[in-house]
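Student: Each chain is listed here by its residues.
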Amino acid sequence: MKERIAQRSNILPGISFVMMMVALYLVFIYVPTAQGMGIMVQKVFYFHVPLAWLSYLAFTIVLVCSGLYLWRREAKWDIIARSSAEVGVVFTALVLITGSIWAKSAWGYWWTWDARLTSTLVLWLIYVAYLMVRSFAVEEDRGARFAAVFGIAGFFSVPLSALAITLWRTQHPPPVIFEGGLAPEMLFAMLFCVVTFTALYIQLLTQRISLRQIETEIDQISQNLSYQGG
Amino acid sequence: MSKSIGKILVILRKDLISEARTRDVAASVLIFALLVIVIFNFAFEPGGETTKLVAPGILWVAITFAGVLSFNRSFVLEKENGCLEGLKLCPINKEIIYLGKMLGSLLFLLIVEIIIFPIFSVLFNLPLFMPKVALIAVLATVGLVSVGILFSALSVHTKAREILLPILFFPVCAPVIIAAVEATGMVLQGEALGSLSSWLQIMAVFDVVFVVVSVLIFEFVIEE
Chain A
1454 MKERIAQRSN ILPGISFVMM MVALYLVFIY VPTAQGMGIM VQKVFYFHVP
1504 LAWLSYLAFT IVLVCSGLYL WRREAKWDII ARSSAEVGVV FTALVLITGS
1554 IWAKSAWGYW WTWDARLTST LVLWLIYVAY LMVRSFAVEE DRGARFAAVF
1604 GIAGFFSVPL SALAITLWRT QHPPPVIFEG GLAPEMLFAM LFCVVTFTAL
1654 YIQLLTQRIS LRQIETEIDQ ISQNLSYQGG
Chain B
-15 MSKSIGKILV ILRKDLISEA RTRDVAASVL IFALLVIVIF NFAFEPGGET
35 TKLVAPGILW VAITFAGVLS FNRSFVLEKE NGCLEGLKLC PINKEIIYLG
85 KMLGSLLFLL IVEIIIFPIF SVLFNLPLFM PKVALIAVLA TVGLVSVGIL
135 FSALSVHTKA REILLPILFF PVCAPVIIAA VEATGMVLQG EALGSLSSWL
185 QIMAVFDVVF VVVSVLIFEF VIEE
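Residue numbers (our numbering), protein chains in the order written: chain A, 1454 to 1683; chain B, -15 to 208.
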């Protein structure tokens, strides 16, 4: 039996749950509500931005672990890359959904084809394709290798999407956080949400990794059994 | 260095000879590109001012679709007759195979463009014969081909490769396709080279990144 990279932990889900509750309190009760925008819809911001940052982080981890897999050929890097991509795809989907909810209220329509929105959608498509590559390969280790190659090649769109609001004139709001345009309470709640979602990301990632390891072990056992059974 | 270039040219020559003898890819890719243009013509019914708005999109979608077909063939041909095994046995670095195949495809797609652009120009009554358009075409084609050949080598080793290649290729190439469409549109609107520069830069960065990255990771794609 191989050594496990990640054990299912009982502490991490607890920590993320408590932090999430605190984050909800901060976002909906503690933070003063800004004038001008829809009252509730502006709160989407505190989930939308951390999710977007964390999806960039998830895809960066896919890149790093893909490189490490090609270099060292250790299955664990492949498992981490794949799990991180899955979490990243879910987070990017949530970014698109929360963004659309905000856009409907702020702009009056769900979607527009501007640089930031388009590049984020493309990003989502790239990593959905990343998850598909594997199932097309005949042998498992070849699938892992191809996925690693695609995980490296596909990364180009991540910085492009992250920088889209500075490279082009877009309808997407400018990066207020870096420009110091936030009230201190808002900034605090925002940063707390980022930490919370980081905890959630780590929790989902370890959960997925340990699940995948169990899957591999079961595969191995059933293969051994069928072998013994002749 | 000059030795490597010689080896790259040998692979390029091999591809050109095999294409010259069969001519099956060139004709079908060209006809396919024309078909795409005709179908889009039905879809949008461009006329008057709308032509300038939709034409760049039609042109580059046609070229990208045609490109996917030709990239697919590039490695399917190698695989079918076991040529890929032979290539891998050659005492050369794997990146030489990549660069040779890439140059072949690049040349091929540029020739298709040289034929398509005048036809397109006549059909849509647009002035496409400008050095600016040529620059855009070369930058975009290098980007498309560098990604296309890498993924073609990858998808040829999978089942359902005809499906996998476009799924991998289109989203990764989206920045180049968008940049080419936008830049061509701006040229047709009569803008100067300076205002195109941001799109040209994106394409140039994309080209450099993908040629370098592909050269580095190509060996992992074709190893057994």
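Errors might be hidden in some of the hints.
To be verified - Some but not every residue of chain B turned toward chain A, in silico, with C-beta under 7 Å:
#, residue
1, R5
2, F26
3, L138
4, A144
5, L152
6, A188
7, V192
8, V193
9, V205
Simulated from the structure, these hints should not be mistaken for lab results.
In this text, a Cβ means the ideal position worked out from N, Cα and C, and glycines have one as well.
Student: Now tell me if each hint is right for this structure.
Tutor: Tested hints:
Interface restraint check: R5/B against chain A, minimum CB-CB distance 32 Å, threshold 7 Å, status violated. Look at F26/B: its Cβ only gets to about 23 Å from chain A, farther than 7 Å, so that hint breaks. A least Cβ separation of about 5 Å between L138/B and chain A falls short of the 7 Å threshold, and the interface hint therefore holds. The interface hint given for A144/B holds, since its Cβ lies 6 Å from the closest Cβ of chain A, which is under the 7 Å cut-off.
The interface hint given for L152/B is met, as the beta carbon of that residue sits about 5 Å from the closest beta carbon of chain A, less than 7 Å. Taken as an interface hint, A188/B does not check out: its beta carbon lies about 13 Å from the nearest beta carbon of chain A, beyond 7 Å. Given the 7 Å rule on beta carbons, the hint for V192/B is violated: about 11 Å separates it from the nearest Cβ of chain A. Given hint, V193/B at the interface with chain A, holds; its Cβ is 6 Å from that chain's nearest Cβ, closer than 7 Å.
Look at V205/B: its Cβ gets to within about 6 Å of chain A, closer than 7 Å, so that hint holds up.
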